[in-house]
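Residue-level listing of the chains:
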Amino acid sequence: MGDPLFFEFNNEAPIYRQIADQIEAGIFTGVFPPESQIPSTTEISRQFNINPATVLKGMNQLVEKGLIEKKRGRGMFVTTTAQKQINQQRQDEFFDHYVAAFITEAQQLKLSKDDLIALIERGYQND
Amino acid sequence: MTELTTEHLIKQFGNRVVLDDINLTLKPNTIYGLLGRNGAGKSTLLSILANQISASSGTIKWNKTPLTGRDHSLQAIYLMSEQNLFNKENRLKKIMKDTALLQGAFNQTLADKMLADFELNPKQKINQLSTGYRTIFKTIVALCVPADYVFLDEPILGLDANHRVLLYRYILEAYENRPRTFVLSTHIIEEIANLIEHVLILDQSRIIIDDDLETVLDHSYQISGPKEDVLAYCQELPILASEQIGTLYTNYLYTNYLYTELPADRVIPDRVAIKHVDLQTIFIKLTEKGREQHV
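As given, the protein sequences belong to chains W and S, one line each in that order.
Each step along the first sequence adds one to the number in this note's numbering, with nothing skipped, and position 85 is 85.
Each step along the second sequence adds one to the number in this note's numbering, with nothing skipped, and position 175 is 175.
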């Protein structure tokens with residue numbers, strides 16, 4: 001079992017959501033590959049001195065999203081489709097957060113669609 | 001599952017009201033944080049619940065049946081407190097043995113493991129221990145008794161940082177191995193904030209907060225920016241305290257029954273930042289002296 005030391009907590013969001021977010025990030029970046037076991041509620045709870053009910057609530061969010069599943073008597077495992085699902089979700093978020101905002105800003109700056117495409121091309125050339 | 005409830009509990013010492021109309025329900029298998037400033041009545045409340053002292057009036061119910069005097073289920077509720085009820089001349093070993101007889105059982109395996117981890121020698125006498133080690137020993141005993149309700153009054157008094165972390169870990173381990181209700185009463189709020197599920201705040205003899213930790217944090221806000229903008233935004237909102245550092249003005253607020261959340265129709269001015277605060281911050285703001293109204 002890998003050391004789940006990548007957890008870092010702040011006051012900005014409820015702890016259970018931070019737990020869910022950080023495990024999700026671990027699945028996305030491949031720290032927890034498909035079908036691998038993730039740290040148990042007990043391990044996370046003891047390592048970070050967090051109430052087990054809080055940890056479980058975070059885990060349950062991931063179960064509901066279909067990112068992890070419980071295997072009886074063995075623990076929690078990453079589902080085969082988890083990484084794809086997160087990737088899709090992040091692409092959707094990318095559109096909502098960046099692309100939509102980017103277009104609004106461009107319209108305010110009176111940049112046309114063609115201007116924008118040209119700018120994106122330039123961005124890739126500089127890459 | 002058995003609940004422990006209080007109805008209109010009042011405790012007076014002479015003319016002084018120490019607990020005023022306490023109505024609580026402690027649920028099974030939950031870790032509570034009982035927070036309050038010095039003299040708020042935390043120890044008195046725990047002592048009454050554990051039947052070590054009696055209330056002036058009001059009822060305590062165990063599984064909906066009122067408890068009176070000796071009916072109190074001694075083995076189901078265990079209080080670890082600052083006051084030492086052990087014979088000071090006794091060795092730790094003897095105290096554990098006596099506790100086993102009194103409580104009907106004792107998890108000696110866990111006790112031995114904890115004694116070794118904290119480097120306590122069971123052959124020592126309890127009066128030879130420092131304050132910190134005495135607290136550790138009393139907490140070890142409290143984790144090893146079979147009670148379903150364990151009250152830990154200041155379980156980290158005099159402990160250094162390493163020992164505190166070790167102790168939190170053992171509390172969680174004990175809880176996971178055999179779920180039970182813990183009530184942790186402490187001043188070091190920051191460290192236990194993630195350990196607890198439910199928050200009770202006792203202030204000036206009354207319970208002012210009785211909610212899940214998440215709900216409490218959800219209701220707690222810090223609103224900062226230029227003074228006029230902050231004041232304009234916060235009109236009529238339940239402000240607990242204000243601060244000014246240079247031109248930065250901050251209001252702390254706890255949303256209540258009038259405003260369960262910040263009004264969605266109110267526009268947040270550009271230069272105003274709103275964020276949630278941690279348990280310790282909101283605790284301080286809620287219990288600051290000179291506050292005129294309760295939430």
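Calculated directly from the structure, the hints in this document are not laboratory data.
Among these hints, one or two may not hold up.
As the list claims (entries may be wrong) - The calculated lysine-lysine pairs, modelled on DSSO-like cross-linking and capped at a C-alpha distance of 30 Å, are:
1) W:K70 - S:K275
2) W:K70 - W:K110
3) W:K57 - S:K227
As the list claims (entries may be wrong) - To give an idea of the chain W side of the interface with chain S (calculated C-beta under 8 Å), a few residues:
4) N49
5) I50
6) N51
7) A53
8) L56
9) K84
10) H97
11) Y98
All residues carry an ideal CB built from backbone N, CA and C; glycine is no exception.
Check your understanding: When the hints from earlier in the document are held up against this structure, which numbers fail?
Key -> 1, 2, 3, 8, 9, 10, 11
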